[in-house]
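K.L.:
Sequence:
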Amino acid sequence: MTVLDDIEQIADLLETNAAAAEELGRLTDETASALRASGVIRMLQPKDFGGLEAHPVDFFRAVLEIGSHDPSAGWVAGVVGVHPHELAHGDRRVQEEVWGEDPDTWVASPYAPMGRARPVEGGYVFNGRWNFSSGTDHCQWVMIGGLVTDQDGNVTEPDAVHFLLPRSDYQIVEDSWDVMGLRGTGSKDLVVRDAFVPDYRTIETKGVTEGTGGKDPSRESVPLFRMPRNVMFSGAITTATLAMAKGTLAAYVAVTRSRQGRGGRAALDPFQLSAMGAAAADIDASVRHVLWDVERVFEMVSREEVVPLELRAEVRRNQVQASQRAAAAADSVFRLSGGGSLHRSGALQRRWRDTQAALHHVQNGSGPIFQAYGLNLFGHPIPAHVKI
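Just so we're aligned: 129 in full-length UniProt numbering is position 129 of the sequence shown, and the numbers increase by one with no gaps anywhere.
No wet-lab data here; the hints were simulated from the structure. Being a predicted model, the structure only gives us computed values, none of them experimental. No residue lacks a Cβ here, since even glycine has one placed at the ideal position from N, Cα and C. One thing to keep in mind: the hints can contain errors.
Claimed, not checked - Simulated restraints on C-beta separations:
{"hint": "1", "residue 1": "218", "residue 2": "340", "range": "55 to 61 Å"}
{"hint": "2", "residue 1": "120", "residue 2": "254", "range": "56 to 62 Å"}
{"hint": "3", "residue 1": "339", "residue 2": "175", "range": "29 to 35 Å"}
{"hint": "4", "residue 1": "277", "residue 2": "153", "range": "36 to 42 Å"}
{"hint": "5", "residue 1": "37", "residue 2": "112", "range": "51 to 57 Å"}
{"hint": "6", "residue 1": "47", "residue 2": "270", "range": "52 to 58 Å"}
{"hint": "7", "residue 1": "120", "residue 2": "342", "range": "52 to 58 Å"}
{"hint": "8", "residue 1": "377", "residue 2": "218", "range": "33 to 39 Å"}
{"hint": "9", "residue 1": "217", "residue 2": "340", "range": "55 to 61 Å"}
{"hint": "10", "residue 1": "304", "residue 2": "120", "range": "36 to 42 Å"}
{"hint": "11", "residue 1": "285", "residue 2": "220", "range": "31 to 37 Å"}
{"hint": "12", "residue 1": "221", "residue 2": "120", "range": "34 to 40 Å"}
Please build the complete structure, drawing on both the sequences and the hints.
P.N.:
If you want it as structure tokens, here you go:
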């Protein structure tokens, strides 16, 4: 059976556990175990460490399927599931440390360069606090962003570095994730205090972002690992968001099927039918557009071509537009679903809240990406803080 087949087998489990995850503030152990067993987190992992080296489109389809049943599970599957793609570019020693004994080891993030790393012999002394570590309760390592400083704390390198730390070297802040949407992701704060990080547990982001490689030359012959990081990580955020929109539409259809309005059955109301058709078209178009972009980038790297900035900017443009369009479609049907859908016990309002929350992720922010696309189109430099 394929990973998608396994995910179909756990669809009911995901839906059953979604409400419990919201109350718990993280994925339930049962959901995390089911995701682990499905193999979705190993889809982008190297074969020599127990991974599947799957086609990236297959991975994103898996995220879409999971997220349509449980938005938080889809989000965690996308975020945690994309980390092996970057870790594959790390030093062979850290890959061995993470996956050598257990290929099902999960690695959390976030990438935001909130940490400060002071060079010492053999590595760095690392400190910082980060928000939004999705799925972190179920992870044993973290890949976390920081900037290198001099001995006085002044930043010396503008490009972020990603640091790999085992669970013993960081603290999860338990009361840091009280939010209105995506509560089940458990995206808690992390704190690092004076942790020593060896040089080999670092990944410089520039080459990985551009798809031109990292510290493990053996990966350069595999098309999957030539995929630009921002196409992959942003794609995970996008497809998780699209999955939520699909799930919102499905929940709306379920509510509307049996709902009675003043004019009769809501399922026969022309305005409901029109809105549903338009929303379905927008969500479906968004999914197809995003997957088509991933396919054409993968075809390019399979020919051993470097993905140019122009195409990376176009892909990011399409990703953020897809998220915005699909979320707007979900919102349009939720507003027609009646007062009964506001009850917290219902799945529709939870899926709508999760979809709206997903738009707050920086990778779904459209303004900077649209601006960057336009600047590049007219031959102007893209601001350094906008990652394409």
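K.L.:
Against this structure, judge whether each hint is valid.
P.N.:
Hints, one by one, checked against the model:
1. Take residue 218 and residue 340: their Cβ atoms lie about 57 Å apart, and the range 55 to 61 Å holds.
2. Hint check: residue 120 to residue 254, Cβ distance near 58 Å, so the stated range 56 to 62 Å holds.
3. The hinted window of 29 to 35 Å between residue 339 and residue 175 holds, with their beta carbons roughly 33 Å apart.
4. Separated by about 58 Å at the C-beta atoms, residue 277 and residue 153 break the suggested range of 36 to 42 Å.
5. A C-beta distance of roughly 31 Å is found between residue 37 and residue 112, which places it outside the suggested range of 51 to 57 Å.
6. A beta carbon spacing of about 53 Å between residue 47 and residue 270 agrees with the range 52 to 58 Å that was offered as a hint.
7. Residue 120 and residue 342 have their C-beta atoms about 55 Å apart, which keeps the hinted 52 to 58 Å range intact.
8. The hint said 33 to 39 Å for the Cβ distance between residue 377 and residue 218, and at roughly 37 Å that hint holds.
9. Taken as a hint, the range 55 to 61 Å holds for the pair residue 217 and residue 340, whose Cβ atoms sit roughly 59 Å apart.
10. At roughly 39 Å, the beta carbons of residue 304 and residue 120 sit within the given window of 36 to 42 Å.
11. The supplied range of 31 to 37 Å is met by residue 285 and residue 220, whose beta-carbon atoms lie about 35 Å from each other.
12. For the hinted restraint 34 to 40 Å between residue 221 and residue 120, the CB-CB distance of approximately 35 Å keeps it satisfied.
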